[in-house]
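Q: Sequence:
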Amino acid sequence: MAYLAPIHRPSSIRHAIQLSFLSPDSVDLIVAKANRLEIYTPDAQPPFQLVLQHTKSLYGKVTLLEKIRPSSSQTDHLFVGTDRYHYFTLSWDAVHKQLKTEKAYVDIAEKAARDSQTGDRVHIDPTARFMSLECYEGVVNIIPITQAGKGKRKIADAVEVGELQDPIPVRIPEMFVRSSCFLHKRPKGGDKHHNPEIAFLWEDVIAGNKMRLKIRELEFHSTLRPAEDPQSAELEKGREAQGEVELGASHLIPLPPPIYGMLILGETSISYVDEWEYNVQPTPLDEATIFSAWCAIDTQRYALADDYGRLYLLFLHQNDAGEYNGHTLHVLGQTSRASTLVYLDGGMIFLGSHQGDSQVIKIEEQGLQIIQTFANVAPILDFAVMDMGNRSSDAPVNEFSSGQARIVTGSGAYTDGSLRSVRSGVGLEPLGAIGEMGAPVSCMFRLRSSRNAGFDDTLVVSFVNSTRAFKFDSAGEVEELEAFGGSQMDECTLYAGNLDDGRVVQVTTSTVLVTDPDDSMVQGSWRPTGEARITDVATEGSTVLVSLDGAALVVLSLAGGDVQVQSQKTFGIGSQVSCITLSRSLPGAAVVGFWEGSKVAILSLQDLCELAAQSVAEEEGSLAVPRSLLVARILADQPPTLFIGLADGNVVTFSIISPQQPFAARKSIILGTQQPNFALLPRADGLENVFATCEHPSLIYGSDGRMVYSAITAEDAECVTSFSSEAFPGAIALAGGAEGEVKLAIVDEERTTHVQTLHVGETVRRIAYSAELRAFGLGTIKRTLRAGTEEVVSHFKLVDEVAFQELHTYPLNEDELVECVMRCELDDGSGSGSKAERFVLGTAYLGEQDSMRGRILVLEVTEERKLKVVTEFALKGACKCLATCQGRIVAALVKTVVIFNLEYQTAGSPQLVKKAAYLTGSTIAVTDLMKSLSLLEYKPGRGGLPDTLGEIARHFETVWGTAAANVSENTYLESDAEGNLIVLQHDVNGYSADDRCRLKVVSEMLLGEMVNRILPISVQPTPNALVVPRAFLATVDGSLHLFALIAPGMQDLLIRLQNAIAERVRSPGYVPFSKFRGFRSGVRDMGEEGPVRFVDGECVERFLDCGIEIQEEICKEVGMEGKSEELRGMVEGLRRIH
1 MAYLAPIHRP SSIRHAIQLS FLSPDSVDLI VAKANRLEIY TPDAQPPFQL
51 VLQHTKSLYG KVTLLEKIRP SSSQTDHLFV GTDRYHYFTL SWDAVHKQLK
101 TEKAYVDIAE KAARDSQTGD RVHIDPTARF MSLECYEGVV NIIPITQAGK
151 GKRKIADAVE VGELQDPIPV RIPEMFVRSS CFLHKRPKGG DKHHNPEIAF
201 LWEDVIAGNK MRLKIRELEF HSTLRPAEDP QSAELEKGRE AQGEVELGAS
251 HLIPLPPPIY GMLILGETSI SYVDEWEYNV QPTPLDEATI FSAWCAIDTQ
301 RYALADDYGR LYLLFLHQND AGEYNGHTLH VLGQTSRAST LVYLDGGMIF
351 LGSHQGDSQV IKIEEQGLQI IQTFANVAPI LDFAVMDMGN RSSDAPVNEF
401 SSGQARIVTG SGAYTDGSLR SVRSGVGLEP LGAIGEMGAP VSCMFRLRSS
451 RNAGFDDTLV VSFVNSTRAF KFDSAGEVEE LEAFGGSQMD ECTLYAGNLD
501 DGRVVQVTTS TVLVTDPDDS MVQGSWRPTG EARITDVATE GSTVLVSLDG
551 AALVVLSLAG GDVQVQSQKT FGIGSQVSCI TLSRSLPGAA VVGFWEGSKV
601 AILSLQDLCE LAAQSVAEEE GSLAVPRSLL VARILADQPP TLFIGLADGN
651 VVTFSIISPQ QPFAARKSII LGTQQPNFAL LPRADGLENV FATCEHPSLI
701 YGSDGRMVYS AITAEDAECV TSFSSEAFPG AIALAGGAEG EVKLAIVDEE
751 RTTHVQTLHV GETVRRIAYS AELRAFGLGT IKRTLRAGTE EVVSHFKLVD
801 EVAFQELHTY PLNEDELVEC VMRCELDDGS GSGSKAERFV LGTAYLGEQD
851 SMRGRILVLE VTEERKLKVV TEFALKGACK CLATCQGRIV AALVKTVVIF
901 NLEYQTAGSP QLVKKAAYLT GSTIAVTDLM KSLSLLEYKP GRGGLPDTLG
951 EIARHFETVW GTAAANVSEN TYLESDAEGN LIVLQHDVNG YSADDRCRLK
1001 VVSEMLLGEM VNRILPISVQ PTPNALVVPR AFLATVDGSL HLFALIAPGM
1051 QDLLIRLQNA IAERVRSPGY VPFSKFRGFR SGVRDMGEEG PVRFVDGECV
1101 ERFLDCGIEI QEEICKEVGM EGKSEELRGM VEGLRRIH
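For the sequence shown, full-length UniProt numbering begins at 1 and goes up steadily by one.
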């Protein structure tokens, strides 16, 4: 029923750790982004940069990271905890370059316990004997770490020193623990150790939310027979800290020898707690703040980060005995708001951020320097879809357009707030532009201007009836040439290039010309007889194949001093040539496409007789005209691939086993609706990429042993050629547009997500996009700290979509916050019934007395691109959401849904008039905070009767809804605060009234990230489409997902395929797929059953990563035995939609 695939993976970083993971001597950084782990190492070459070495997705959202070192391992192991209360340990397999599970997942879930309200925590005591896990209120799981025993307590051979033993749950009375830590204790002497002590900073709700500090002693009772007599642990003994702990206390920092004790970070002070009597000794801060993260640089220096994006250096002073003797705090500078800090080395700190870009920071004498930035679009509060891969409003949009959509997000918070343009695809790094040619470019070619030239230095640009040439010098400077090597510039050039000996070949519509580039002398030429014209050309080595008006083919040899006709053949009216190509992979043969019969044939160059032929039509009798051909070697150790571009936008590929067997392993994929043309782009490793130009340009390349089709960020590219010059090695030349703009660029090696940023410095809470105005409307919130007091103001901003620059700002009233924004067409007041583009704002007021106030504002954009208020309406409550229905404004006012109409009761003075209200096409979907989804129906009043709004159906379950959207007729997608996705269906033709008033669940799955916004999209699917995209989803962790509905005939196949892959592909930690994607809420847990009629696209696409044998097993299980190529093609098609 439902299909979900990621467009942009999570970018928020809440957890990071440094360890020696990849090798004993390496210093690696591992960061967690929702359910993905990324491993970075410092670049060996200066300047300092972190380089991504490996990334892997897990079956669970990471909540805990820690490192351990078993005695038998030369590298650290990674301890990982997830939101499903699973934990496991991983190591690095240096041979296979993959993560290896050392300890399979352990489930510590307790259904009777309450989840931790202040986040999960993990600690290892300083003696490395115990690990503590805090995932539930009032429960600490103690995990003993195996130690080397002596005498009778000598450990068994099968048990490894440093290995984690079974967890022991220990109950404590402290609730709402804000921070905790193991304390460093002075050694007793010898091999004896004090019992570990754990400090808990907790909030005493009974005593009026007073903060308290409790230090508890861990008593552990081991046993020689754990199977019969389980080990136990207690935290009964404890002492209360002496002195007042401030209300804003948030973090504990344990201090190592020789200082000992701990620090308490508060909003107005930093307190030292001694190791003996636990006396709290506060030192006031110069300015109040809220600390968010810390890390140790050494025993005396600590880096602190606060909620306002400031980074501090805390220096601890010591007396002669090495004990604490005060501290100083210095502000280093401004950064993103930190969620985690990791000290790397050499004064470098990694700052992981949830609501801003993550950064690598170098501490300097005068402050700090940002060395490296990692783009982060989290949290996405709102977003808009600018286009679906084509800016033309009348361009066809199919299911593959969703993979090239340009999405603009409101990301970050407060000073890290920004507007981000996100697009997935292979990127182009612009190098420069020659400029506009003044006419559309037909094709382009690269040349070497002399026999001894080692680089391409001349770019030939061909037009309908002329040719121009541009020469580049070693510095990249360009000049236009009057001619190149005796060429003809007054005709359209169909081909230009160098032979192996350096001579230049130019083929125009009337001539084949061979010239010497050094003296511009013509060495040979050939013209067709009569009035025939050359319409197509293909070359390979010294062989040229030309098509004469599609009715004849001529093979020319340029090996000698002149042009010799090697063979020629005239075709009848029923077999006209549509396209041709030559390739060194097919020596002595040519590939020819024909207009009739959907035929592609292999012809011998000796006599142009047919060696093999194949129809490219999907079904017998259907029409499929081949219009472009290319042979490329995409994959190493694989046969070359024949690409056939059809007139309807399809691309058909075959593997060429030999000239006699050139049509093996057929695959078909849709690139668009227009004929794709191919350009060959050589790679440094001897393989080749293919640039396909159509309305959705794509790059075809090899990755992980498979061929990948990916969108490329070159929307207007109409012709492309490789152009590796001395100044621009590895570059390509692109041309497109009505004026024929020619540019040079470098193509990325693989698909990535490209993010363009407009830093706003305020929380972009709401965003609306107007294609007509070519602008965005942003509802923003700005927070500043003045004299220790927070000040919050709200604005509505107009931003240009092209320049990505702010045009105008409209300030809201004091204590008024923007709640919702939309664009719509409303009556322009002319009396003619015409509509005008408007932005509509809903607001609310801060404060208890003002909580029942709000406004709806209607704004227009003037010719000067300024914002102007058309009208406003005062509300007796906050306006939480806005929508339109039959040209009217629908407003959600906390518990009330109201419909307004913009009426011009007097000329030039429009007013919002309330038309209908309801407490708690014409159907309005309302997501309640707790009561899930309701459907309301709006009926305009007739005969003087008022308009009405009534409930027609609802979902009768407790769901903490966060977003909802109509994704098909009578079908709705809802997300909740616990990260679930639910597809609901309204049975309007139900047998009973009870059936018709209920929304039933047809699909459900746990995404694991809270969705902030669901935006429906409309596409026209191609025939036989597997899935049809229906919506985009944006989450708090910065990920964007595509939601699609599966074609009815494919639902069973994809669900069985998902189950088969989930059984065979193991996740790190061996966590079952069902536990990862099964619906989970406070009411029910479907972790054993897994997703219900919901297909995880990321899981299905792992089919392409499986070996041939496993693929064949899966094909057999899903009823497609012997059709692995067909199934691979289907999965590759699914990959392309996002």
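Hints are computed from structural coordinates only; laboratory data are not their basis. There could be a bad hint or two in this list.
Only pairs whose alpha carbons sit at most 27 Å apart, straight line, appear in this in silico DSS-like list of lysine-lysine [as the list claims (entries may be wrong)]:
id	residue 1	residue 2
1	K880	K895
2	K1123	K667
3	K931	K876
4	K111	K100
5	K56	K100
6	K782	K667
Q: Each of the hints needs a verdict: does it hold here or not?
A: Going through the hints against the structure:
1. K880 / K895: 10 Å, holds
2. K1123 / K667: The given pair, whose Cα atoms are some 12 Å apart, holds under the 27 Å limit.
3. K931 / K876: Holds, at about 23 Å.
4. K111 / K100: 30 Å, violated
5. K56 / K100: 11 Å, holds
6. K782 / K667: 53 Å, violated
Violated hints, in rising order: 4 and 6; the structure is consistent with all others.
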